[in-house]
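S.K.: First to last, the protein sequences are chains P and U.
Counting with our numbering, you get residues 8 to 475 for the letters of the first sequence.
Counting with our numbering, you get residues 18 to 471 for the letters of the second sequence.
Hints listed in this document are in silico derivations from the structure and should not be mistaken for laboratory results.
Virtual Cβ for every residue (Gly too), placed ideally from N, Cα, C.
It is possible that some hints are incorrect.
Unchecked claim - If you anchor each label on the Cβ, the simulated ranges turn out as follows:
| # | chain 1 | residue 1 | chain 2 | residue 2 | range |
| --- | --- | --- | --- | --- | --- |
| 1 | P | 69 | U | 49 | 42 to 50 Å |
| 2 | U | 466 | P | 60 | 41 to 49 Å |
| 3 | U | 332 | P | 273 | 35 to 43 Å |
| 4 | P | 428 | U | 95 | 26 to 34 Å |
Claimed, not checked - To list a few chain U residues with every Cβ distance to chain P over 10 Å, as calculated:
| # | residue |
| --- | --- |
| 5 | 126 |
| 6 | 211 |
| 7 | 257 |
| 8 | 289 |
| 9 | 300 |
| 10 | 301 |
| 11 | 310 |
| 12 | 336 |
| 13 | 371 |
| 14 | 416 |
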Amino acid sequence: MASSLSPPEEASFHHRHSKRYSSSSSNGVAVESVSDFVKRPKISPPNYISSSEIESEFSHHDPDFTRINNGSFGCCPSSILARQRDWQLRFLRQPDRFFFEQLKPKLSESRSVIKRLINAEHDDEVSIVDNATTAAAIVLQQTAWAFREGKYDKGDAVVMLHYAFGSVKKSVEAYVTRSGGHVIEVQLPFPVISADEIIDQFRIGLEAGKANGRRVRLALIDHVTSMPSVVIPIKELVKICRREGVDQVFVDAAHGIGCVDVDMKEIGADFYTSNLHKWFFAPPSVAFLYCRKSSSGARDLHHPVVSDEYGNGLAVESSWVGTRDYSAQLVVPSILEFVNRFEGGIDGIKKRNHESVVEMGQMLVKSWGTQFGCPPEMCASMIMVGLPVCLGVSSDSDVSKLRTFLRERFHIEIPTYFRPPADGEIDPITGYVRISFQVYNKPEDYHRLRDVINGLVRDGFRCTSLSG
Amino acid sequence: MEADERRNGDSSNHNHRAPKKPRLAGLITESDIRSEFAHHQTGIARINNGSFGCCPGSVLEAQREWQLRFLRQPDEFYFNGLRRGLLASRTVISDLINADDVDEVSLVDNATTAAAIVLQKVGRCFSEGIYKKEDTVVMFHCAFQSVKKSIQAYVSRVGGSTVEVRLPFPVNSNEEIISVFRQGLEKGRANGRTIRLAIIDHITSMPCVLMPVRELVQICREEGVEQVFVDAAHAIGSVKVDVKDIGADYYVSNLHKWFFCPPSIAFFYCKKRSSESDVHHPVVSHEFGNGLPIESAWIGTRDYSSQLVVPSVMEFVNRFEGGIEGIMIRNHDEAVRMGLMLANAWGTNLGSPPDMCVGMVMIGLPSILCVESDEDSTMLRSYLRVHYSVEVPVYFLGLRDGEEGVKDEESGLITAYVRISHQVYNKQEDYERLRDAITELVKDQMTCKNLSAV
């Protein structure tokens, strides 16, 4: 059952916190076999990855940059990159043999690992695709077919969040609007005070979707919105969707695995997608699309790039979309080895990332005299921090230029967000930064950001001074 | 040097811009080539470049540099490096294939993806009533299986009709192909139907034949076919590609097969038209609506490095005498020479005449092996891999009633062919190993039935 993907580690054999493929952190030692037992040291304080090992794993990151934007493109430790190269070389060495003998079984192993991690029922419910953008195309193409083939009535609704990712919105336009579906965007408040605000707005959105005797065929909900970034109360929203007779719920959790708790049975959605290269240390790029077996339409999902596997189920279709480099999808089992070098495995990492990002965020809020975009319990490993009002952020263009300015002048990488002032607000905070915290980050990164912004404030800097 | 000069002045050189010609002293050596492909498994006769291609070590190195650039500071790369790098690759390709405008060239993963793009568009036209249900898509029966499935998924599903043209094989002349194609077009237009799309392979995969694609496209124009899609998965690096001369609406070729790119990258050419083209990448990003080249340049976070190394590949091929043209000519000549050697040794035939081959040749297998099904051919292929360390695809030729077929020297019917490939890393010993393997199987009176028992 154990894969032979990685050579046994002799000298630095760590006391592994959990079985190789365990989906959640466990306190006990799971003894798999006699040889495993023998390899473990007899008296065993945990021998977790050290700070200097972490630095070494991410030594390929540009040392001149203050990198506090893990949310956009993620990161990948060098030991995983090395495994990825092994896979690439295996194919290049003898591609026919690799294709006929290894590719599919090894992709199945990756799917099995993911299935356990996300508490899915069957391996078949897990398909591996490039990224959440691809997953969205798959789900929305199915919705488009249903409209075109008359399964759905023209004008039936698809409900999504206003803060849905730009690419997903375009996908909805390309597939749903074009085939006759009616799209409703749920406006969410920002800053947000509580989960209830979101739940209330969502209910209103569903009502609008059902107006005039229409059906809501699909609810497309982010687990963690991208910009502005907020953790959405996804379990409650799914329950509401079920009560209100929504046909299908699709959760876009690009920032899911490694960021928030991802338990398919608990969440109860029909479709759920998450990138592994953002918060789960995979190389670019790999994501999973979970499709509940019992869901209507599950059998109607197809990868848009049709190969000779067409009709064999989405998981199999996705495992062959023509000749390409599947190495990022093959390293998934190795990633578990990596995260299990940390105390608490991936759950420990999530917890510490959350605590650190809140702590750093609070430090910034205090120093700048601003506020968070949401309460700490509605954030995971990213948080929106208000920028000082005196910087004069007054448009999308301002924040875009500010981001470039921070990158080029100060070598700080951080995404920025413009929050338009609402009527009646006095001196509102209109600019936010989204800070991320991942295992390679240090407090100095955020101190630097703090000081640079304070420096700009001291110098009387205003965004209008930035050239376009 | 003389050969180079002749090629430079050659009026049939349709290249928009002449490739850089290396100084004689700088040409790649045998040992350089061995070193470039040192990562290939040794001890096997790797004579199947056609399926998965190859990539030299120096290009893999260039690819790693691109990968590291992204990993180092991904935002910076996304905002400042990626699109410029992709445009550089597209520009090299655009020049190579004689496109009018670099905007006609998109980069996608592979030909399978391009087929999905074209067929999704056609499917939408059927769905939205722009095409009538009886309107047809015409293709060859030996079109790549993925393309056929794509037609099923996007065209048949919405009620569009298809007409399959049976490629004669073995084939003796272009006229044979042209003749059956004309018949296929007639069928497609019967009863006042319109042929909305013709899909033509530039080089068929199995069985492998170089098609008279220019003539076929011309016939399509004459016969009022609305759009022509040339699936040229094997073309670039195998045969001269001049998209203007060929004249198709859509043309796709993989660069990881015969153009030394790492997996995977293909160029997808869409002839500029005055009206809205309505082709879109199926993975929709925020670039939707900005034109296919831009849409394809960002389909979400992924590794675009294989699409960025095209300029490095040009440097590689230009280390060879005659650049890519020299490589193509030598691959063809060697493949034919080896093919004839095998046909002679086995008493069989070539599947097509030399001028209808590229760097790949189909050679009949001795009838005594009794290949009687696709399963048999798959088994024989595995057997050759496992017991003789020969990697070569085997094709089962299912003859239909009334077809005569070709006989071998033993007067048995030839029912199977191997497809040999020749690329710069191949040696004569590779083909001799195949020759001897088959000869031994024949001597030991092995048939496919025996093989399954082994």
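S.K.: Just pull the numbers of the violated hints for me, sorted ascending.
M.R.: Hint check: 1, 2, 3, 5, 9, 10 fail, others pass.
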